[in-house]
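One-letter residues, chain by chain:
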Amino acid sequence: MSETLTPTPSAGDDAGTSADTQKPTKYRKRGQVAKWLSIVWLVFLVFTAVGASWLPYVKHSCEQFAEKADCRTHVDPNPLLSERPPFWATFSDTTRPVVGDAPERVGLFGTDTNGFDIFSRSMFGARNSLLIGAMSIVFGILIGGTLGLIAGYVGKRTDKVIDTIMNIFLSFPALLLAIFIVGFFGSSGADEAESRSIGPIILALVILSIPPIARLVRANTMVYAQREFVLAARSLGAKNGRIIAREILPNVMPAMVTFAITGMAILIVAEGALAYLGLSVSAPTPTWGSMIFGGQQKLETAWWMAIMPAVVLFLTVLAINLLGDVLSEKFRIKEAIG
Amino acid sequence: MRYFGQKLIQLVIVVFVVTFVVSLALGAIPNAEERIIASTGQGVFTEEDRNAILDEVHLRDPAVVQYGYFVKDLVTFDWGVTFGGNQSVRSSIWDGLQISLRLMVYAQLVALLLAIPLALLAAYRNGGVFDRVSTTVSFGFISLPNYVLATVLGLLFTVRWKIFPALSKNVGFFEAPFDHFKNFFLPTLVLALPLAATYMRLLRSDLINTLQSDFITTARAKGLSTSHILFGHALRPSLFSLLTAAAVNVGALVGGSVVVETAFNLNGLGRKTVVGIFSSEFRLVQITVVVLALVYVFINFLADIVYGLLDPRVRGARSV
Amino acid sequence: MKSASHVRRRPGVLIGAIAVSFGLLAAACGGDDGGSSSSGGDTTAAPAETTAPTPATQPPADTETPVPGGKLVMGLEADTSSPWTPAAMVCAISCHMVARTVYDTLMIPGSDNQPQPYLAESVTPNADFTEWRITARTGVKFHDGTDFDGAAIVDNISRHQSALLTGTALLDLASIEVDPADPMTAVATTKKPWATFPWFLTGQIGYMASPTWLAASDADATLQSQPVGTGPFVYADYKPNEYYKGTKNADYWNAPYPYLDEIEFIPITDGLKRRDALKAGDIDVLHSGNGEVITEFRESSDFESIEITKNGETAYTLLHVTKEGSPIADRRVRCAMAHATDNATVNEVVSFGVNQLANGPFSPDQVGYLEDSGYPLVQDMAKAQELIAEYKAENPGELKIALATTTDATNLVIANYQKGWWEEAGMDEVTIDQIDQANYIVTALLGNFEVFQWRNHGGVDLDQQYFWWHSSSSLDVGSLALNFGRIKDAALDALLEENRAITDPARKQEIAEEVNRLFATECYNLWGSYQVWMIAHKPEFKGFAAANLILPGGMEALEGSGIAGTFYPSTIWKAG
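Residue numbers (my numbering), protein chains in the order written: chain A, 1 to 338; chain B, 339 to 658; chain C, 659 to 1234.
I should point out that these hints are in silico values taken from the structure, not numbers from a laboratory.
Owing to the predicted nature of the structure, the values given are computational and were not obtained by experimental measurement.
Keep in mind that a hint or two might mislead.
Stated by the list, open to error - Using C-beta positions, here's what the derived DEER-type ranges look like:
1) C/Asn1053 / A/Trp36: 54 to 62 Å
2) B/Gln550 / A/Leu249: 29 to 37 Å
3) A/Phe87 / B/Val644: 23 to 31 Å
4) A/Phe87 / B/Arg428: 30 to 38 Å
5) C/Pro726 / A/Phe87: 34 to 42 Å
6) B/Ile351 / C/Thr880: 30 to 38 Å
7) B/Pro515 / A/Val98: 29 to 37 Å
8) A/Phe87 / C/Gly939: 34 to 42 Å
9) A/Trp36 / B/Val467: 22 to 30 Å
10) B/Leu362 / A/Leu249: 41 to 49 Å
11) A/Ala238 / B/Phe468: 47 to 55 Å
Every residue, glycine too, gets a C-beta built ideally from N, C-alpha and C.
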């Protein structure tokens, strides 16, 4: 089914599904394949990202760390393997000197100017990109979800106040707001030379994700707040907190989860955009965005430096979107984004 | 009427908070004083000179006073001069706005021109080969971040085939139409493709719904031609959500094309903001952000109003 | 006008640093000449031999007869984005390229390695070099019609005295006044004998701007982006990050220059994109320090190029050497870092081997260069590990240092290599801090760093490095100071002071060599390489070699145009 499924991060369309119910089974099967491929890719990615310091197929130099979890980015530089194309790219040559018996082509994704293995770095980068995406969406759901529940359940003036606050956040073009936050408050620079850490970036992305989540949850809550079982609970004298937690939240949950998944894709893309503009976590911590940006200058002589991380990012976003699609189809969720 | 009133009140509150927050943001920036002094690059020898510069940006005044000056400068268009380069902030923002507006208009046009025919074709043979291919491809484009697209198109069109310039220049349309086309083609394409994918899917699903309604069946029964049914009957009632989305995107695109502007070296408002942040041009950044936010807010306000006028149910539903 | 108040010189350092780091901003393709620009005496005075493998460093002047007309578009490595008033300009290489179109300098280095009068009719000292008489050339007018005279010289130079950047270079200038007997002559009185004073008139301090315009731009800041000088091209238009345009000054005093009708500069910070722009025909000429670009154009038959290797700046890694509790304050750690460094490989890989490795602050054409300064040019990891082990034996605990770099990709590549070497040498962790440009400058000035990538120290006379190294500009961390590394070394101070006071070339050379050795022994800085600059252009444009500029006395200008990576725009012409 997934190939025709709709609610997409930027679109927010939800129709189509009703019209697509009469699909031949052949296409449904193909959709299943896509779904499973997505799951396999994401599981592989998460597994590798988490285990990057231990796994044999990820190159790193974590031996020097007593506690391997401390090893975040250590891939040994090697000038003798600078800018090598991937082993399968027989149509590309390196422009760097090939000294002695150093191979002409190395690794699944090739190497960058430092001789870092791009596949390994992409996996270390996945750690950061996925972590930033996940953390942001979790905080976004906690804050945005709570606001949405309150606004939708209490209504009246509270609703209006929250709605206005959300409107204020929404009144900035999203990426520009993130740039503003990260750019001005990202690096302290006050006492020590200090590079940008993960905190401000997550903060910026959380702020981006709160308003749409709040709106979605509010809309859903309003629907359920008028339903018989809620009214019944209320007439039985249940406390508001209990009604929200026991009656409404479970019903709103599927929409939230689905949104969280597509939202995470948006946030991963947004983090990449920040990195692309030079405003994400500082090196040597790799992120996909900064790898793409770093390789962009070398498109002519070493295309793989930018293209390979871009492919990883694209596949990940695609897989997440496909899964989100499947879920929203399952729950028949009306999206209410932005 | 109550609906419009409330929207208006909300608009005023939003405008107030946006300007207030942006005016105070300056004071919260780490090392703001040093950075301003550094970026002015003037002969700051004495404490007095230093104070004179800092007083000019009202950095040390109380919040309310700072806000007062900010609003006064904002409404009188007395936006000052950039620290470095000594450009009038007003003309700098105006230059950037022109580029951003151009990109926005081109991207919208291209996206709509691509999306509408594709959606019509896909919806008419719903489930057919073309429908499946186009929806799959559009799903791919929606999942394709614009900086990835810019990188790939850059590799193909500027590095490999050398058809388009790697760095776009802001060549006026009337100066040199062909150069103008060459310089704006890739940025427009990068903005337009994902947008077209979004629009296409939106319109397609609306069209499918419309095509199932009774009046289309009636029209079919009357033996009207396919194109007559599609263009004459189905398209117009299906355009509503597409146009809403397009309207919202007007505001989003003006400030949201920052990545594309950076990738292609166009000095639009988004890139000016990023460069401004790196070079501590706080004033330029503040005003750009406020201008963009205001553009965005007003467009959404207008969209809300039009929406309310067109669909009376919204007024009731939205003013809960 | 913020005239000659001598109070509180200290904050004046800011701009010098900005000039330096501007180059770092552009360092994707090479470097800048921040050091020399800030000293205002960016000059060449070197023997004619070049060192890098460059066959075409000093081509003879083009023999064909130049024809007037045409337009030149140049790709610059950075936008200057600064006021164009000479005293406030933040002048790196790109800035000098632009400034030379609109301004003339009072003097220009001649092919005899000495400053020669250019816009000045004559520059003469008294017997003990404490008084310099600068006479203005007669009949010269600024673009706005203002006459060029002694008062204009005084106005310009006294503005420098109170300027942040160049003021530091003029601390020993007591006063400058118009000679009451001769309105065309300015008399500069110095506090100490100052034999090298004319060198300062060949650089930023030598640029003469119209006093009328300067006064007007004091009142209206927007005018500061519309410079008025006496130069070969009249300002036409300027947009930051987009272009600077000039049109031919038909009444240029030094006829037959200029040949071109129009000149335009487009900043393209990325060296590889600049190359693509030249190949695509968007620009006619570029300058680049990027090894990849230089290698490509050396072999290109479609484009012509000249290379400039003289008196350029040195790329190096700056160490904060007096920070409390920092391992870098220990000489053994610093020298271990030097030994662990494998610049040869990096030069080969990153710069395609075009640069010559540096063993000191002075490039082979500068006074004080030594074949063997004692600084290790070859990696010796065993030695490095030994030194680190020795330090660790005395100072238990983790040895961690922070390496600061910019957001530039090439600088990051180098930082990654450094991290690898130093961790191999036995450091427990080297963190890399990427700092964006605006903060990078402030960080350096405040001294809030341990290890810092930098480029600096172009120039001719050791005196031009005085304020970068002297302890008088080594203030506490947290105060703005030009001695970024906060070197406090009595021996170094003594050498610098002696050099400033004397004129004997033999002794000056001894002193400079002594300074060179001292840096090597103490490992105050980790030397990288001497920057090579290339100017690549379309073949129809001619006249890029400095020798094409004939000074009023009939002498040719010195190769390297005084500042590596630049040429004299007035001599360029376009063949039919």
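Hints violated by the structure (numbers, ascending): Violated: hints 3, 4, 5, 7 and 10.
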